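J.: Using the sequences and the hints, build the whole thing.
Protein chains in written order, with this note's numbering: chain A, 155 to 296; chain B, 654 to 834.
Honestly, I wouldn't trust all of these hints.
As the list claims (entries may be wrong) - In silico EDC-like cross-links for lysine to aspartate or glutamate, where the CA-CA straight-line distance does not exceed 20 Å:
#, chain 1, residue 1, chain 2, residue 2
1, B, K732, B, D685
2, B, K733, B, E818
3, B, K695, B, D685
4, A, K162, B, D762
5, B, K737, B, D685
6, B, K694, A, E189
7, A, K159, B, D685
8, B, K728, B, E818
9, B, K765, A, D156
10, B, K695, A, E189
11, B, K733, B, D762
12, A, K165, B, D762
13, A, K161, B, E818
Claimed, not checked - From chain A, some residues computed to sit far from chain B (all C-beta separations above 12 Å):
#, residue
14, L206
15, I211
16, F215
17, T252
Simulated from the structure, these hints should not be mistaken for lab results.
None of the values given here were measured: they were computed from a predicted structure.
Here a beta-carbon is modelled for each residue, glycine too, at the ideal position from N, C-alpha and C.
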Amino acid sequence: MDSKKVKKAFKDSILSFQTSMPILIGVILLLGISEVVIPSSYYQNVFTGNSLLDPIIGATFGSWFAGNPITGYIIGGEFLNQGVSIVAVAAFLMAWVTVGVMQMPIEMAIMGRKFTLYRAAAAYISAIIVAILIALSVSAVT
Amino acid sequence: MNGNTKHYIKTYGGWLFLGCCVLIYIGLMVFDTNLGIQVLKKFGAILWEILPVMIIVVLFVFFFNLFLDPKKISKFFGKKSGAKGWTLAILGGILSSGPGYMWYPMLEDMRKRGMRPSLAVAFLYNRGVQIPLLPMMLFYFGFWFTIFMTIYMTIFSVINGFAVEKLIALKKPKKIFSRKN
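T.: Below, the structure written as C-alpha cells:
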C-alpha cells in the first residue's frame with residue numbers, strides 16, 4: 155500500500171478530531187456538571203398530570219438534560235414508579251436519546267448550524283408524536 | 654459580522670467554548686469544593702467511558718479516508734443509494750456505540766464525500782436504539798414499550814431524514830427591495 159496515502163489518511167483522521175476536541179471536552183464537562191448538580195428527583199416535580207401538557211414537558215426536559223441512554227432509562231423508570239404517565243415518560247426518553255440541546259455546540263461546529271437546528275427541531279416534534287403512538291400502542295396490546 | 658470575526662470564531666470558537674466551561678467549573682469549585690470534586694470525578698468517568706469509542710471512531714475515519722473515495726461513498730450513501738443507503742444508515746446507527754457526538758466527525762467527513770444529509774440524520778436518530786442496552790430498557794419499561802419504541806424510532810428516523818433534507822434544501826426567499834433602493 156502507498157505509504158503516502160496511509161500517512162495522509164492518518165493525518166486527516168487526527169485533524170478531524172483536533173478541531174472538535176475542545177468542544178467535545180467542554181460538552182463532557184457540562185454533562186458532568188448537569189449529572190451531579192441536578193438530582194433525578196428534580197425531574198419528577200415538573201409533571202402536571204395533564205395528558206396533553208406532560209408529553210410536551212417530558213420532551214422539553216429530555217431535550218435539555220440529555221445524557222447517556224442508561225441515565226435516561228433510570229430516570230424514566232423512576233418517573234414510572236412515581237406515577238408519571240407513560241406518554242410523558244416516552245416523550246422524555248425519546249427526546250433524551252434523540253435531541254441533545256447540550257450537545258448542540260459540538261454538533262453545530264462539526265455538522266453545521268442549519269443541519270443541527272433542523273435535526274433537533276424534527277427530533278423534538280417526533281419525540282412527542284412517537285410518545286403518543288407508543289402510549290396508544292402499549293394500551294392497545296395490554 | 655466581518656470575515657475576520659467569522660474566521661476567528663471558526664478557528665478559536667471551540668477553545669472559547671471550552672474556556673467558558675472551565676470557568677463555570679472553576680466557579681463551582683470556588684463556591685462548593687466537594688461538588689467540584691464530584692463533577693471532576695463524573696467528568697473523568699464519562700471521559701473514561703467514551704475513550705474506547707473515541708479510538709474506534711478515529712480508526713473508522715482513518716479507514717474511511719484510506720479506502721473510501723467520494724465515488725464509493727456516493728454509491729453507498731449518495732442520492733442514488735436508495736433502500737441500501739437507508740438500511741446501512743439505520744443499521745449503522747443501531748450498531749454504533751458510545752455517545753452520538755463521537756460520531757459527528759465521521760459523519761461530516763462522509764457528508765463532504767457525498768453522503769446524503771437524510772442518511773446522517775437517520776444514523777444519528779437510530780443511535781437511540783442501543784442493542785446492548787435493550788435488556789435494561791426491557792427491565793424498566795417492559796416488553797411492549799421496548800418493542801414499540803424501537804419500531805417507531807426506526808420509522809421516524811426515515812421521516813426525520815427526509816424532513817431535514819427538504820428543509821436544508823429550501824432556499825431563502827429573495828428580497829424584493831434592497832436597502833440601496
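J.: Report the numbers of all earlier hints that the structure fails to satisfy, in ascending order.
T.: Numbers 1, 5, 7, 9, 13 and 17 - these are the hints that the structure violates, sorted from lowest upward.
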